[in-house]
Amino acid sequence: APISEILYPKALVPEEFAAAEAAINNTANTQPILAAAEAGLYSILTKRGLKADSFIGHSFGELVALWADGVMDYETLITMAKERGTLMSESDPDAAMMACMTDKAALTAACEGIEHVYVANENSAAQTVVSGSVEGIAALEEKLTGMGIRAVRLKVSGAFHSPYMKEASAAFRAYLDGIQLGKPSGAVYANATGESYTENVADLLEKQLL
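For the sequence shown, counting from 1, position 54 maps to 54 in my numbering; every step adds exactly one.
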């Protein structure tokens, strides 16, 4: 189905809304939707005179940042988004993610003794995200509740940015090796390292999934 039909579904009853939400939250669909929306917004801004000095995108948004820097064309961005999303959605179904309203150090300490749970995203001093098995995430959620720390399950279809992405990252790397990417200008900063991209686009995009 076209991206527009998934993003703006014709849903009239609760059952249709539930199915539409599930489709949007399926990573294989979410990532192309994000690509189209983010690239569209950026295009509007540039037409209105925005000239960015640097680029950064959170998780999937890093691909859009690379597109904005001229590393790939729009068609490649959408195709890459579909490939990445599909591979990530095919990972272990017994996995989940959770946003925890605390810093990385406190969350890392809370994770001790709980198997198959990993710190995935250090979003800010007040929010850190974990990935892991459904069982492990549930155990951590119970522990954090007892500590008075709020935690919110994320509506995603996998445990992203963790060892659960090992197969997806390897397959994504094989895909990246088969396409032509341009050279970054040095203005895009990578999530995984905090350093700017130079010529190691495939290396960093593979590493980011893990």
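Keep in mind that the hints were calculated from the coordinates and are not lab data.
A couple of the hints might just be wrong.
[What the hints assert, rightly or not] Calculated pairs, DSS-like style, for lysine-lysine (alpha carbon to alpha carbon, straight line, at most 30 Å):
1. Lys143 <-> Lys183
2. Lys183 <-> Lys104
3. Lys143 <-> Lys10
4. Lys82 <-> Lys166
5. Lys47 <-> Lys183
6. Lys47 <-> Lys104
7. Lys183 <-> Lys166
8. Lys166 <-> Lys207
9. Lys207 <-> Lys155
10. Lys51 <-> Lys207
11. Lys155 <-> Lys183
12. Lys143 <-> Lys82
13. Lys10 <-> Lys51
14. Lys143 <-> Lys155
15. Lys51 <-> Lys166
16. Lys207 <-> Lys104
17. Lys82 <-> Lys183
18. Lys155 <-> Lys166
19. Lys207 <-> Lys82
20. Lys104 <-> Lys51
21. Lys183 <-> Lys207
22. Lys82 <-> Lys10
Contradicted hints - numbers only: Hints 1, 2, 3, 6, 11, 12, 13, 15, 20 not satisfied by this model.
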